[in-house]
Each structure stands twice: as structure tokens, then as C-alpha cells.
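Novice: Read off the chains here:
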Amino acid sequence: MNHINIASLEVGQVIGNTEFLLTRDSLVRYAGASGDFNQIHYRDDVAAAVGLPGVLAHGMLTMGAAVQVAVDWVGNSGAIVDYQVRFTKPVIVDPVNGAVLVVTGKVGEIDAENKIVRIDLEAVFEDTKVLGKAQARVQL
Amino acid sequence: MVNPNVQGKKYPATDPYLVGREKIREFAHAVKSTNAMNLDVFAAQAAGYTDVIAPPTFAVVIQERSLATVLADPEAEIDFSRVVHGDQRFIHARPIVAGDELVSELEVASVKSLGAHSMVTFETKIYDVSKELVCTVISTLVVRGDE
Numbered sequence: 001m002n003h004i005n006i007a008s009l010e011v012g013q014v015i016g017n018t019e020f021l022l023t024r025d026s027l028v029r030y031a032g033a034s035g036d037f038n039q040i041h042y043r044d045d046v047a048a049a050v051g052l053p054g055v056l057a058h059g060m061l062t063m064g065a066a067v068q069v070a071v072d073w074v075g076n077s078g079a080i081v082d083y084q085v086r087f088t089k090p091v092i093v094d095p096v097n098g099a100v101l102v103v104t105g106k107v108g109e110i111d112a113e114n115k116i117v118r119i120d121l122e123a124v125f126e127d128t129k130v131l132g133k134a135q136a137r138v139q140l
Numbered sequence: 001m002v003n004p005n006v007q008g009k010k011y012p013a014t015d016p017y018l019v020g021r022e023k024i025r026e027f028a029h030a031v032k033s034t035n036a037m038n039l040d041v042f043a044a045q046a047a048g049y050t051d052v053i054a055p056p057t058f059a060v061v062i063q064e065r066s067l068a069t070v071l072a073d074p075e076a077e078i079d080f081s082r083v084v085h086g087d088q089r090f091i092h093a094r095p096i097v098a099g100d101e102l103v104s105e106l107e108v109a110s111v112k113s114l115g116a117h118s119m120v121t122f123e124t125k126i127y128d129v130s131k132e133l134v135c136t137v138i139s140t141l142v143v144r145g146d147e
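Note that the protein sequences, when read in sequence, are chains A and S.
For the first sequence, our numbering begins at 1 and goes up steadily by one.
For the second sequence, our numbering begins at 1 and goes up steadily by one.
Fair warning: there could be bad hints in the mix.
Covered stretches of chain A (in silico footprint by chain S; criterion: 3 or more residues with CB under 8 Å from a CB of chain S, positions within the stretch not fixed) [stated by the list, open to error]:
#1 30-44
#2 77-86
Over 12 Å on every C-beta distance to chain S, these chain A residues come out as not near it, computed from the model [what the hints assert, rightly or not]:
#3 Asn114
#4 Glu126
#5 Asp127
These aren't lab readings, by the way, just hints derived from the structure by calculation.
For every residue, glycine included, the Cβ atom is placed at its ideal position computed from N, Cα and C.
So here's chain A without its partners, still in its complex pose (with noise of 0.2 Å):
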């Protein structure tokens, strides 16, 4: 089912890193998508008045997206078996350049009999974890 060859594997092994430009359009595009229509992923104005430091992104965007660097790795979306993560810092969208968030994934354990692999993701944006405990099992 798919390519990767569990034995080969080592826990801390990085599987993968990869840069997503979150922008106002990616903002306005999730809320369709999932019909999230919070106005402080969107509106200036709402995001200050609530006291937020500017318009921030849907922590469940930053959580599906984070996540495509397991499925990358593996291939298939369906072998994502179990996927948790702790939303501990907000990721802020400037209105020109977006966020930046940096995705590393490494193999965090290796369950042979079962054939699952526990990959933790690191989510980075401005050199702050925005995600905690972001763990994703694979089925190999």
C-alpha cells in the first residue's frame, strides 16, 4: 500500500519539512472550506477589539496543514489513523505578507507489530512553536 519500509526507520528520523505561505486569501478559503466564519480570521477591526494583536489564522488550518507533511511522507491521507494537537500560540496573518509556518515532521515512534508510526510535527511561525503534543500515527 505504500513505499515505506518500517524497519528501515529510526526514531528522531526527520520525514519530511515543508514552508506554507498562510495568507488573507488562504484565511477567506478555510472559512468556505469549513464554514468557520469567525470574523477574527478576517476583520481587522473584530480581531482588535476582542484584544488580539491582529487577524489570526484558524487554528484548524494551521492543524490541516501541518499535518499534509505525514501525509506527504506516506502518500495516502487515509493512513493517518490519529492526529492530535494543542493549540498554544496564535499564528497572526499580516495583510500583505501572510505567516510563514514551517513544518518538520520526525518519526517519534515506531510501533513494528502494528505496523504504526508515531510522526511529531513542529510547527513554526516566527520562531515559536505554535502547535503542542502535534502527533500523527501512521498506518504503514
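With chain A fixed as given, assemble chain S onto it according to the hints.
Specialist: Showing chain S alone in chain A's frame:
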């Protein structure tokens, strides 16, 4: 503050949601997926699926329908303008496939206080028309209290 008495409360199943192929593609583009399983029917079928499959976080769209019921429930006393997303988890029994008709059933798994804030955890189970479990979605929302 969230009413602690709603801990354990179950909300009735939502009306069935029909998962469309173009909806999956739209969602896949939105989360920056380039995976052929989400976009290309032939590639998905070659891998053994009946149609394109949804990205791992798509179940949030189904869960959202149950969540809206809770946020509108006066008994729960959740002030949406004070809500911050704490954590999120998707446990898949199988991927969501275009053509699926899905319902979601939500239970308030726990309500905890953290100083002036409340933390409420929801467990939503998503089933297909044959009542088979497709995905369990666990979300924690933090509701900010008065400082």
C-alpha cells in the same frame, strides 16, 4: 463559566451530512493538500477507495454541526465570544469517502474549572448510514472567564 451540570450530557444525532466529492476537493485545497487521494478519483480508486477520501481533519466540518447545537443550548452557558480552541484530536476507524452520509453524536465529556476559566471537552462520534463508527473527534475549548 460553563455550567458543570452539562458534564455527561448527550446531544441528539445531527441530520445526515452527504459528503460531496467537490467539497472534499475544496477542503483539501484549503488545507494545502496536494495528496492525490483527496483530489483524483482514479488514484483513490486505484488505492482501493470508492471515491476521493477526505483529509484527516475534514471531520471537523461534521463535528461543527453538533458543536453548534451545544453552543446554542442555554443550559450549557457557553459564551462563544470567549471561546479559545484548546486542543483537537481525530481518531479514524476509516477515512471519510465522497458519497458518505454521516451523522454526529456529541457528548460533553468533561467540564473543568481553571481559575476564572472553564475547560470543556467534547467527544463526538461520527457514524455512517450503516451505523458503523467512522471517526471519534475530541475537542477541548477554553472559555475565558472574567480576569
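Novice: Next, verify each hint and record whether it holds.
Specialist: Here is how each hint holds up against the structure:
1. Counting residues of the segment 30-44 of chain A whose CB lies closer than 8 Å to any CB of chain S gives 6, which reaches the minimum of 3, so the coverage claim holds.
2. Check result for the segment 77-86 of chain A against chain S: holds, 9 residues qualifying (beta carbon to beta carbon below 8 Å, three or more required).
3. Here asparagine 114 of chain A stays apart from chain S, with its beta-carbon at least about 14 Å from theirs, past the 12 Å limit.
4. Every beta carbon of chain S lies more than 12 Å from that of glutamate 126 of chain A, the smallest distance being close to 19 Å; the non-interface claim holds.
5. Every beta carbon of chain S lies more than 12 Å from that of aspartate 127 of chain A, the smallest distance being close to 21 Å; the non-interface claim holds.
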